[in-house]
Amino acid sequence: MDWATRKVLSWRLSNTMDASFCVEALNEAILKYGKPEIMNTDQGAQFTGKDWIAILTDAKIKISMDGRGRYLDNIFIERLWRSLKQEAVYLHELLDGFQARRVIKDWIGFYNTERPHTALDKQTPNSAYFSAIHINQAA
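Counting from 1, position 79 in the sequence shown corresponds to residue 939 in this note's numbering; the numbering is continuous, with no gaps.
Honestly, the hints are just simulated from the structure, not real lab data.
From the three backbone atoms N, C-alpha and C, an ideal C-beta is built for every residue, glycine too.
Take the hints with a grain of salt, since some may be wrong.
Unchecked claim - Computed cross-link-like contacts, EDC-like style, restricted to lysine to aspartate or glutamate with a CA-CA straight-line distance of at most 16 Å:
no.	residue 1	residue 2
1	K895	D862
2	K922	D902
3	K910	E884
4	K922	D862
5	K945	D966
6	K920	E897
7	K910	D878
8	K895	D926
9	K895	E884
10	K892	D862
11	K922	E897
12	K965	E947
Said to hold, decoys possible - Beta-carbon label-pair distances, calculated as ranges:
no.	residue 1	residue 2	range
13	S880	K965	13 to 21 Å
14	W863	F970	19 to 27 Å
15	D862	K965	17 to 25 Å
16	W863	E953	30 to 38 Å
17	K910	Q946	31 to 39 Å
18	F970	Y893	14 to 22 Å
19	H977	Y893	16 to 24 Å
20	A914	K982	38 to 46 Å
21	L891	F970	21 to 29 Å
Construct the complete structure from the given sequences, taking the supplied hints into account.
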């Protein structure tokens, strides 16, 4: 997620705590949108493992991790998960990972393109993200 605009840049669904799905999402986000200056995560095993750290270190991306048990340090992600669950996941009887993936994909598409945010002057994350890019390129 881009913190400035709340845009979900890439995501994966997994039923394991293996780091590979996070590494895939990170690589996809960097490929599509470029490398960030800083990557902030919680201290989950996926984000403290050698594969994740190596990608960030090799790309010269600053690593920032939340304090242990400090969910407020990553409040935008926590809010995203809460909204996803309340607005999509809990409203469906998800029988398998395929259904879950479809529901999540649809909701993230809605979130990025149709759901305005008060903090973004009622813009969607996509609008705010691409406006910021346009402004930065013009400067």
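Verification of the supplied hints:
1. K895 - D862: holds, 11 Å
2. K922 - D902: Given that 16 Å is the threshold and the Cα spacing comes to 14 Å, the pair holds.
3. K910 - E884: Judged against 16 Å, a Cα distance of about 14 Å means the pair holds.
4. K922 - D862: holds, 15 Å
5. K945 - D966: Measuring from Cα to Cα gives roughly 13 Å; hence the hint holds.
6. K920 - E897: holds, 8 Å
7. K910 - D878: holds, 12 Å
8. K895 - D926: violated, 20 Å
9. K895 - E884: Answer holds: K895 to E884 is near 14 Å, not above 16 Å.
10. K892 - D862: OK: K892 and D862 at ~13 Å, within 16 Å.
11. K922 - E897: Holds: K922 and E897 sit about 6 Å apart, inside 16 Å.
12. K965 - E947: holds, 13 Å
13. S880 - K965: 13 to 21 Å: holds, 19 Å
14. W863 - F970: 19 to 27 Å: This hint holds: roughly 20 Å between Cβ atoms.
15. D862 - K965: 17 to 25 Å: holds, 18 Å
16. W863 - E953: 30 to 38 Å: The hint (30 to 38 Å, Cβ to Cβ) holds, given that W863 and E953 are roughly 33 Å apart.
17. K910 - Q946: 31 to 39 Å: Hint holds: Cβ distance 35 Å, inside 31 to 39 Å.
18. F970 - Y893: 14 to 22 Å: Since F970 and Y893 have Cβ atoms about 20 Å apart, the given range 14 to 22 Å holds.
19. H977 - Y893: 16 to 24 Å: holds, 19 Å
20. A914 - K982: 38 to 46 Å: Check passed, 40 Å falls within 38 to 46 Å.
21. L891 - F970: 21 to 29 Å: Given about 24 Å between the Cβ atoms, the range holds.
Hint violations for this structure: number 8 only, all remaining hints satisfied.
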